[in-house]
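Trainee: Hey, can you work out the whole structure from these sequences and the hints?
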Amino acid sequence: MIAIIDYGINNLDSIKNALDKLSIPAVVTCDATVINQARILVLPGVGAAATGMNNLKMLGLDKLLTSEVRNGKPLLGICLGMQLLMDWSEEGNVHCLGFVDGIVEKFTDKLKVPQIGWNQMQIIDVQSPLLTDIPDTSDFYFVHSYFCNPDDKNVIVGTTIYGQPFCSIMKQDNIVGVQFHPEKSGKIGFQLLQNIINYFLL
Amino acid sequence: MITKRIIPCLDMTQGKVVKGVQFINFRDAGDPVELAKKYDEQGADELVFLDITATVDNRDILLDVIKRTAKEVTIPFTVGGGIRKKEDMQQVLRAGADKVGVNSGGVKRPELLSECAETFGSQCVVLSLDAKRVGNQWNVMINGGRTDTGISAIVWAKNAVKLGVGEILLTSIDTDGMKQGFNIELTKAVASVVNVPIIASGGAGKLEDFKDIFQQGNADAALAASLFHFGECTIKEVKNYLRDNDISVRL
Numbered sequence: 001m002i003a004i005i006d007y008g009i010n011n012l013d014s015i016k017n018a019l020d021k022l023s024i025p026a027v028v029t030c031d032a033t034v035i036n037q038a039r040i041l042v043l044p045g046v047g048a049a050a051t052g053m054n055n056l057k058m059l060g061l062d063k064l065l066t067s068e069v070r071n072g073k074p075l076l077g078i079c080l081g082m083q084l085l086m087d088w089s090e091e092g093n094v095h096c097l098g099f100v101d102g103i104v105e106k107f108t109d110k111l112k113v114p115q116i117g118w119n120q121m122q123i124i125d126v127q128s129p130l131l132t133d134i135p136d137t138s139d140f141y142f143v144h145s146y147f148c149n150p151d152d153k154n155v156i157v158g159t160t161i162y163g164q165p166f167c168s169i170m171k172q173d174n175i176v177g178v179q180f181h182p183e184k185s186g187k188i189g190f191q192l193l194q195n196i197i198n199y200f201l202l
Numbered sequence: 001m002i003t004k005r006i007i008p009c010l011d012m013t014q015g016k017v018v019k020g021v022q023f024i025n026f027r028d029a030g031d032p033v034e035l036a037k038k039y040d041e042q043g044a045d046e047l048v049f050l051d052i053t054a055t056v057d058n059r060d061i062l063l064d065v066i067k068r069t070a071k072e073v074t075i076p077f078t079v080g081g082g083i084r085k086k087e088d089m090q091q092v093l094r095a096g097a098d099k100v101g102v103n104s105g106g107v108k109r110p111e112l113l114s115e116c117a118e119t120f121g122s123q124c125v126v127l128s129l130d131a132k133r134v135g136n137q138w139n140v141m142i143n144g145g146r147t148d149t150g151i152s153a154i155v156w157a158k159n160a161v162k163l164g165v166g167e168i169l170l171t172s173i174d175t176d177g178m179k180q181g182f183n184i185e186l187t188k189a190v191a192s193v194v195n196v197p198i199i200a201s202g203g204a205g206k207l208e209d210f211k212d213i214f215q216q217g218n219a220d221a222a223l224a225a226s227l228f229h230f231g232e233c234t235i236k237e238v239k240n241y242l243r244d245n246d247i248s249v250r251l
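These protein sequence lines map, in sequence, to chains A and B.
Letter by letter, the first sequence follows residues 1 to 202 in full-length UniProt numbering.
Letter by letter, the second sequence follows residues 1 to 251 in full-length UniProt numbering.
One should not assume that every hint holds.
As the list claims (entries may be wrong) - Okay, derived cross-link-like pairs now, EDC-like style, lysine to aspartate or glutamate, Cα gap no bigger than 16 Å in a straight line:
id : chain 1 : residue 1 : chain 2 : residue 2
1  : B       : K206      : B       : E237
2  : B       : K162      : A       : D109
3  : A       : K187      : B       : E72
Unchecked claim - Far from chain A by the CB rule (all over 10 Å, computed), these chain B residues:
id : residue
4  : D31
5  : R133
6  : I142
7  : D148
8  : T149
9  : I154
10 : L163
11 : V193
12 : E232
13 : D244
Hints were generated in silico from the structure; no laboratory data involved.
Virtual Cβ for every residue (Gly too), placed ideally from N, Cα, C.
Mentor: This is how it looks when you write it as structure tokens:
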């Protein structure tokens, strides 16, 4: 069972719908017992980092996620959910969960912000099990104004160029983060989602 | 490099897709969820649903269409029509829409845009702007294109971005349904004053029109309805044509 973390932000059902289509059992929940029993956690999210962190804290989910992840439970962060895995975000100067060392930065004002649309992912870690059957420069759907800049470049699985290259997919042990929305990226996105789940279940 | 997006638009009334010419004379174009699935399979980059009548009765039908679409399609979609308060937007997002278009409701009460952007994030607030040439400027039209607000479309676009909208769906009423090409002049003018993506809408009639709106109009996405609904060309044909003309698209 996968627990999709419900922390009072919108569009949690899109990841649920995608997992349903892949016939992967999942529940949307903020219940500690359910989260504790789940094999995999998914932290989805659109919206502002400060709101996201506040909501997590209010529900006591920051501490719960920390203990689960420290105990080795797999966690997938999507979009804002990926950004919240870092130490700190420039968006509202907020401290995040700190599972991955590094910060979240804003795109320069010279670009159209948010980046909205389909952009290519350049494969960095060619050996990554996450990228089985995912060709280099496949298009994924992005909607964001901020991006993750991890300290340890070895966690970067793939990058995308928007004004500059940024980390669009990262992996650190039991943690995976994707800046794009695999659940909204057509067939290739579903393939990636399946790969991530397969990796977590190994 | 970010690709240019091709977006089929599904204008709906009473849960059915319809298509008009310059916002009147509507023809039935079929079931929205079936069409949405078809466009997803054909390679559409996104979808837009507009509830063009947007009455209270229609609200439940619309929410049902959104819920069913969310389960079927694998790409993002925007829903607009009748958004007057934050709660309307919340309902539509909860039903499964990725973005919400705000039109008349935002003109009548501009704070609606900032309230929605603060609560849900700029990335899901789309300004739906219907513009019509009046004298030597473009005016913002509301109530399904029936009411001229007298407000300059350029000024309104700038203000709306300051209020927090993350994207503009710009429809030219003058070119809508005429199939003589998008309104390049209008799109270029709006694109030059804001730094959010612009979806150009109204007037697609042939393949060249898409190339022109991207290359000359500086649009980030192009929206079309009848061209696709009535099978005059497919999304694949448009994208192949654009690729052959060195415009980056997702294939």
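Trainee: If a hint holds in the structure, say so; if it doesn't, say that too.
Mentor: Against the structure, the hints come out as follows:
The hinted pair formed by K206 (chain B) and E237 (chain B) meets the criterion: a straight-line CA distance of about 10 Å does not exceed 16 Å. The suggested pairing of K162 (chain B) with D109 (chain A) holds, with an alpha-carbon distance near 14 Å, which does not exceed 16 Å. Only pairs whose Cα atoms come within 16 Å are accepted, and K187 (chain A) paired with E72 (chain B) is accepted, the gap being roughly 13 Å. Consistency note on D31 (chain B): stated as away from chain A, and its beta-carbon is indeed over 10 Å from all of that chain's, at 19 Å minimum.
Against the 10 Å criterion, R133 (chain B) stays outside the reach of chain A, whose nearest CB is about 26 Å from its own CB. Chain A leaves I142 (chain B) outside its interface by the beta-carbon criterion, the shortest separation being 24 Å against a cut-off of 10 Å. With a least CB separation of 29 Å from chain A, D148 (chain B) remains clear of the 10 Å interface cut-off, as annotated. Even its closest Cβ contact with chain A, about 26 Å, leaves T149 (chain B) beyond 10 Å, as expected for a residue assigned away from the interface.
At roughly 17 Å from the closest C-beta of chain A, the C-beta of I154 (chain B) stays outside 10 Å, upholding its exclusion from the interface. Annotated as non-interface, L163 (chain B) keeps its C-beta farther than 10 Å from every C-beta of chain A; the closest such distance is 15 Å. The claim that V193 (chain B) lies off the interface holds: its Cβ sits roughly 13 Å from the closest Cβ of chain A, which is beyond the 10 Å cut-off. Separation of E232 (chain B) from chain A is adequate, the least Cβ-Cβ distance of about 24 Å exceeding the 10 Å criterion.
Non-interface status of D244 (chain B) relative to chain A is upheld: no Cβ of that chain comes within 10 Å, the nearest being about 18 Å off.
Every hint, counting from the list given before, is met by this structure.
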